[in-house]
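If you're matching them up, the sequences are chains W and H in order. Per this note's numbering, numbering through the first sequence is continuous, rising by one, with the last residue being 294. Per this note's numbering, numbering through the second sequence is continuous, rising by one, with the last residue being 1154.
The set of hints was computed from the structure by calculation and includes no laboratory data. Do not rely on the hints blindly, as some may be mistaken.
[Unchecked claim] In the DSS-like style, the derived pairs of lysine-lysine whose C-alpha atoms are separated by at most 30 Å in a straight line are:
| id | chain 1 | residue 1 | chain 2 | residue 2 |
| --- | --- | --- | --- | --- |
| 1 | H | K399 | H | K824 |
| 2 | W | K49 | W | K210 |
| 3 | H | K664 | W | K221 |
| 4 | H | K506 | H | K471 |
| 5 | H | K968 | H | K734 |
| 6 | W | K200 | H | K968 |
| 7 | H | K857 | W | K174 |
| 8 | H | K1125 | W | K30 |
| 9 | W | K119 | H | K1132 |
| 10 | H | K749 | W | K169 |
| 11 | W | K119 | H | K1135 |
| 12 | H | K1117 | H | K1138 |
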Amino acid sequence: MKKIYTTNKVIGLILVTATLFSCTEEIDVKLDNEETRLSVEANVNSDLKKHRVILKETSDVFYSQEAIPVKNARVKVNDGTTDFTYIEIKDGTYESELEFAGEPGKTYTLSINNVDVNKDGNMEEYLASSTMQQAYAVDSIKLHFDPEHEPDGDDDDEGEFWLLSIYMKDNPDKEDYYAFASRINDVIVHDTITEVLVEKDTYFNGEQTKGVDVGEFDQNKADEILQNADKITLETYAINESYYNFVNQLQEMDEGQNMFSGPPGNIETNISNGAIGFFSVYPITRTTIIHKTE
Amino acid sequence: MKKIFLSLTILALLLGVNTVSSQSKASHLIKIEKEHYAFNDLLKLIKEQTGYNATYPSNSQLDSKKVYLVKKSYQLKVILDKICLQLQLKYKIIGKQIAFKNIPKKKVTISGYIKDKRNGEDLIGATCYIKELKKGTVTNPYGFYSLSIPSGYYTISFSFLGTKTQSKLIEIEEDTKLNIELDADNLQMKEIVVTGDNANKNVERAEMSVVKLPAATVKKLPALMGEVDLIKTVQMLPGVKPAAEGSSGFSVRGGNPDQNLLLLDEAPVYNASHLLGFFSVFNNDALSDLKLYKGDMPASIGGRLASFLDIRMKNGNSKKFSGNGGIGTVSSRLTLEGPIGKNEKTSFMISGRRSYADLFLKLSSDEDVKNNTVYFYDLNAKINHRFNDKNRLFISTYLGKDKFKSNENELNFGNKTFTLRWNHLFSNKLFSNTTLLYSKYDYEISNRLGASAFKWLSNMEDYSAKLDFNYFMNANNTIKFGGIFTYHKFEPGHAFGLGDQSFLSDYRVNESNAYEQAVYFSNEQKIGEKLTLKYGLRFSMFNNVGKGTVYDFDDNYEVINTKNYKSGDVYNTYTNWEPRFGLKYTLSPNSSVKMSYSRTSQYMQLTQNSTGGLPLDVWFPSSPNVKPQIADQVALGYFRNFYNNTIEMSLEGYYKKMKNTIDFKDFADLLLNKEIERELRFGEAEAYGFEFTANLNLNKLQGWFGYTWSRTERTVKGINNGKAYRSPYDVPHNFKAALSYELSKRTTLSANFTYSTGAPITYPVARAEYQGSLIKIYSGRNKYRMPDNHRLDLALTLKGKKKPGRKWEGEWNFSLYNAYGRKNPWYVSFKQDEDNPKVMKAEKTYLFTFVPSVTYNFKF
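In isolation and in its complexed conformation, chain W is listed as follows (with noise of 0.2 Å):
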């Protein structure tokens, strides 16, 4: 699915007409130094399995290497009755010792503690929450091919994709969120956060989808090429408001700024203190099919 009316989207056209007249040069800009963050990076959803959070350091913007990962850590997950605990298994990187199953209507609260990422000598505790929603039913989906079709975003050039489509009915009575992401083989293909679609149903709800396009395959990505009898798999996530609003800021502040973006801004965190990132909590809904080529 392209995003739906989104102001880049639709004002493509005129984009293209401005990158007549325009051109692009690095620039070196000063800027002040920031204070450090604490960067979270945590999920839990509906398999069963072991649990990561990793947490890094936030750094200038023209650092040019890893992020620094923040060690030692005192990591847990509560969902209401239970608390999981994760331990590091590598520098910054925390898992829960135990597997266990994100459940709808379950509302889980992470907590870090032991981190001192600003240096100032006093230890910070940082807590999140949020609740794992209803999964979506997918009735089907299917593949085309398009010989010309044009990606989202600027850079990518239109050309030959396979492209995933799906059949499911949104629910007219609430507001939805949704995520899709897919497989090749189980292997996942969009892995960056910038590359999962996210999608609210505002201006499709209550309605059958009617095939719209959720995954594409780029066949002139090595990693993206559909051979006969690959397994074609689409997770759709069941995300709420504020993951999503944290997802589709983030993809905007990506594309970067342009004549016609208002000013930027900080995006939309679910963790407390002044942290960077998200705590997502979403139940995943799989559908697979077999690709064939004729």
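Keeping the supplied structure of chain W fixed, place chain H upon it in accordance with the hints.
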């Protein structure tokens, strides 16, 4: 025989007594020895040299009154005129007897229209000045003037910038109609006698913070791609800043672009941009005159906080059929105008322009670009008819459209305006204008791609009726009053799936309606010779009218209640009293001080969150959730002219305080959003600064230069943690020059130069990694600045040789935009390096370096 004699006598009386005195009698020369004489001494002198005896009213104290004389000798008739003008007498010569009489004292009114002799266009702001009384007036926007004075014998002069001054010696005993046609000033400036007491000049006008530009001036200056553009010229004025590089939006004294009222023949224009704002919707060929009010707003105008740009279309040549046009790099233009029928009662003007930018797209190597269609067009048309001296009718219209089209998508947007005006003179002192207005802005976007095919429509319309009166009470008081009623209709957005394939449902942003109305009264009062006061009051009212929907929000901006109102229900009302005050005090014939205060209110605003502005931005009204914006501005200025008013200088300082300022939350979702009011944040703003301007009107060198220092800041709850932050239009230093120099009679060189501090910008100051991507952490709002902005544009105009007997006149214009290729940033973006995603780079995107263009203009 008796009858004939009687008729002759009457005729003689009608023609004025002076004219009957025969030439032979009046041609005596009188030698003068002194600069002034007492009246009876002068009569003795006349008697000595000519033998003429004089009688005069004995009950007056005429004997000792002084008569001032300059020359060494005068003809008898001339010296008698001098005496009469200075002492307000009339005379008659019978045989060898001169009989002086008092002119009966009563109030009379002199009124009429001042026009351009070449084409019959009304001259707006032309001056009528009575030397002996040191009193004058200027024509209103319809070329009408009226001046009430004591009856008398006067030298009346009529003048307008760029025309010859016309002076008349007239004895005015009764109410007099005097329609004047001023001829072009083909002579050099120095040959015109610019009298020191011309009321038109900058120093003498009571209004301040006002700039008036004839369309002809706009035409002389360099333009982007040779496309002469009124808005771009306005952006060159001190106190005005382009909203962004290349944009048609502008900020006046720290205001927002949507705080400017743009009226084209009194109809509001809601989006003045063509093609990303690179060009404005105003086709200069169709226009006669523009006036920008940066403050000191007249009471007759309201509804916007920052400025009022009054743009008038040409009426059309009432003398002869003529045309003009041009062939340029971006567009071609053609204007036709002329009289309809004989007797100069009706004339028309029609003007069209169409761009052919899409031709450039065809040259592109990019297939996507190649298949795109991009163009815009404008059409202006006007017709006016004079029924008689008391009634005139004007009908004018504007239509414009932009079209962008690719294989998948299509976007159309445009304005329509329609104005019908009826001028009626109730008396020679009471002028009225009745106006009916219509204005529309709409756009349509569509996509033809299977499951996500859609159409998206947006529309807004205004219907207004307006009544304005000018009452020229007497030479010291000019009263204006009137009222306006407007019905606004908002249809901000309606989107729906296209075809059975589409999965999109019907989504409609709540439509709304409003009434906006105002009544006003103002007086411009002269007190003595030095002081002029302007005072007025405007009462404005705004009503939200059903059918409408209002949401109540909680502290987290979540909807907690929805109220629906029936069609016709007035469910919310705002009222404002808006006082306006101004003062001018003349310090010397060449200098004055002025001050002004004005309160303005604004009930409609634009969802413009980017400085560039999108054609998709919609206007939204005040409502129970959105209070009207209010501004109070005070300004103080010193005005001084040099060298016979050929150089006008002014220094103005201002302070402006704005309430209920609107800004948008971070990542605001402003389009196709029913709950758009959730995205708004409210606060205060202030702006202050000073502007220095020098206007040059020398022989060969014309134009202006100026320096502005200004600041503007906002404090809005929910933005920048509630702390004050710079407005996007906060640009402290700004220097501008727009000058043209006549190299020869046929060659003119002109240049624009602008320098300004870089615009405020929000930069990322830190970053965090998240799932393979980088999250940028931003500084406080507008904490940083872009690099300084400066640019020089040049133009050379070559006029063709005028061939006798040929009507066609051609002119070549060569222009070079951004002559030294300064790469002024359009925007700055931080992006991850494609080769090494760990590295973040700052990139500036810039527009237009060295843009040469050639335009051929013609008229016939």
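Each hint tested on the structure:
1. K399/H with K824/H: It holds: about 25 Å lies between the C-alpha atoms, which stays within 30 Å.
2. K49/W with K210/W: Given that 30 Å is the threshold and the Cα spacing comes to 34 Å, the pair is violated.
3. K664/H with K221/W: holds, 26 Å
4. K506/H with K471/H: holds, 27 Å
5. K968/H with K734/H: holds, 21 Å
6. K200/W with K968/H: holds, 15 Å
7. K857/H with K174/W: holds, 20 Å
8. K1125/H with K30/W: Holds. K1125/H to K30/W sits at ~16 Å (cutoff 30 Å).
9. K119/W with K1132/H: holds, 24 Å
10. K749/H with K169/W: holds, 22 Å
11. K119/W with K1135/H: holds, 28 Å
12. K1117/H with K1138/H: holds, 9 Å
Of the numbered hints listed earlier, the single one contradicted by the structure is hint 2.
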